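J.: Sequence:
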Amino acid sequence: MNILICDDMETDRANLRKILIELGHIVQDVTNGEDALAAARRIQPKVIFLDVVMPKMDGFATCRALKEKAETKNIPVVIVSSKGTPSDKFWAEKQGAAAHVTKPATSTEIKAALQKIGVA
Numbered sequence: 036m037n038i039l040i041c042d043d044m045e046t047d048r049a050n051l052r053k054i055l056i057e058l059g060h061i062v063q064d065v066t067n068g069e070d071a072l073a074a075a076r077r078i079q080p081k082v083i084f085l086d087v088v089m090p091k092m093d094g095f096a097t098c099r100a101l102k103e104k105a106e107t108k109n110i111p112v113v114i115v116s117s118k119g120t121p122s123d124k125f126w127a128e129k130q131g132a133a134a135h136v137t138k139p140a141t142s143t144e145i146k147a148a149l150q151k152i153g154v155a
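Note that my numbering has the sequence shown beginning at 36, numbered continuously upward.
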């Protein structure tokens, strides 16, 4: 399955990429929200793993923008963030995210997020 990762930190992208490839997925990645919007429209991934704290456009604004566009509104978004309090998870859901994983993400957490949104 084609998956998009959006995170400005190479180490976090590499961790997610490794986990998702080991799970058998095809992965593409970008480093900011603006590029995520363009890539989502272009490649129509089955799911987007999205960081919150990024330059240009943060993850919450990116998630809202994805959910406002007809061509991307049905793509599930998983927020992957170092911010993992109940209020952070609540806010992610309010932006349209289907799941939330706290960094550093583990294979078990990524599998659980994929299962939760029905794309495992």
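Don't take every hint at face value.
To be verified - The calculated label-pair distances, taken between Cβ atoms and stated as ranges, are:
| hint | residue 1 | residue 2 | range |
| --- | --- | --- | --- |
| 1 | Ser122 | Ile61 | 32 to 40 angstroms |
| 2 | Ile78 | Lys53 | 29 to 37 angstroms |
| 3 | Thr46 | Ala105 | 29 to 37 angstroms |
Said to hold, decoys possible - Pairs of lysine to aspartate or glutamate residues, derived as EDC-like cross-links and limited to a Cα-Cα distance of at most 20 angstroms, are as follows:
| hint | residue 1 | residue 2 |
| --- | --- | --- |
| 4 | Lys129 | Asp93 |
| 5 | Lys146 | Asp70 |
| 6 | Lys108 | Asp70 |
Don't read these hints as lab results, they were simulated from the structure.
Everything numeric in this text was worked out from a predicted model, so none of it was measured.
Backbone N, C-alpha and C fix where the C-beta goes; we use that ideal spot for every residue, glycine too.
J.: Indicate, hint by hint, whether the structure satisfies it.
T.: Against the structure, the hints come out as follows:
1. Distance hint check: the CB atoms of Ser122 and Ile61 are about 34 angstroms apart, consistent with the given range 32 to 40 angstroms.
2. Take Ile78 and Lys53: their Cβ atoms lie about 20 angstroms apart, and the range 29 to 37 angstroms is violated.
3. At about 34 angstroms, the beta-carbon gap between Thr46 and Ala105 stays in the expected band of 29 to 37 angstroms.
4. Straight-line distance between C-alpha atoms of Lys129 and Asp93 comes to about 15 angstroms, which keeps the hinted pair within the 20 angstroms bound.
5. With a C-alpha separation of about 25 angstroms, the suggested pairing of Lys146 with Asp70 is violated against the 20 angstroms cut-off.
6. At roughly 16 angstroms between alpha-carbon atoms, Lys108 and Asp70 fall within 20 angstroms of each other, so this suggested pair holds.
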